[in-house]
Amino acid sequence: MGLPGPADLRWVASLPEVMRLETRPLPLKRLEPLVRGALAQALRRLQAMRRTEGQRLVKDIRQRLATVVRLRREIAARVQANALSGKNAEAGAEGKSNNGFSARTDVPEELVRLQSHAAQFAEFLRSRRPVGRALDFLIQEMNREVNTIGSKSLDAQIAYRVVAAKEEMEKIREQVQNLE
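Those letters in the sequence shown? Residues 1 to 180, by this note's numbering.
Only true hints are included.
Keeping only pairs whose Cα atoms sit at most 20 Å apart, straight-line, the calculated SDA-like set for lysine to any residue is:
| no. | residue 1 | residue 2 |
| --- | --- | --- |
| 1 | K166 | L111 |
| 2 | K166 | N147 |
| 3 | K171 | G150 |
Derived CB-CB ranges, DEER-like:
| no. | residue 1 | residue 2 | range |
| --- | --- | --- | --- |
| 4 | R50 | G86 | 51 to 61 Å |
| 5 | P6 | L39 | 41 to 51 Å |
| 6 | R129 | Q63 | 17 to 27 Å |
| 7 | L39 | Y160 | 46 to 56 Å |
| 8 | S127 | L26 | 38 to 48 Å |
| 9 | Q80 | R50 | 35 to 45 Å |
| 10 | Q177 | S85 | 38 to 48 Å |
| 11 | Q63 | L154 | 25 to 35 Å |
| 12 | L46 | P108 | 41 to 51 Å |
| 13 | M49 | E167 | 20 to 30 Å |
To be clear, the hints were calculated from the coordinates, so they are not data collected in a lab. Quick reminder that beta carbons are idealized off the backbone N, C-alpha and C, glycines included.
With these hints in hand, go ahead and build the complete structure from the sequences.
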């Protein structure tokens, strides 16, 4: 027969007229359940994929939020140490600034609000309902507090932590954009 080598299925299938494809339209009654089934399966897979992605995003956001909370504690400790040593203020006898300097460098209110926003943020992450917009708002508020702390502080260690917190919050903000 003059075969070029051992006959295998691929070679046989490549011969002309061995296989012929015929296309016939399927009746709509047979096609519709197939399409519905394929669509339902695709939607289930999409939902599962989005759920998995959301869980991974939340895990990443929680880790970054924990870093922001840790940095907030470190800033608070540094502010406290500076207050005790008198580093940031030229205070009078009653602990008030003679020149308004202390009021400009005092950040306890911002630290309390940052802590409150972080706690609310963590609570929203535990929610089962769509929270993307609420998280976006809270991260803006957290940024505002950290920016205020940074602008009021004269301490290099606090400034370093402010920059680190802002970096983490920017990453959180980007991740929040992908949540519902």
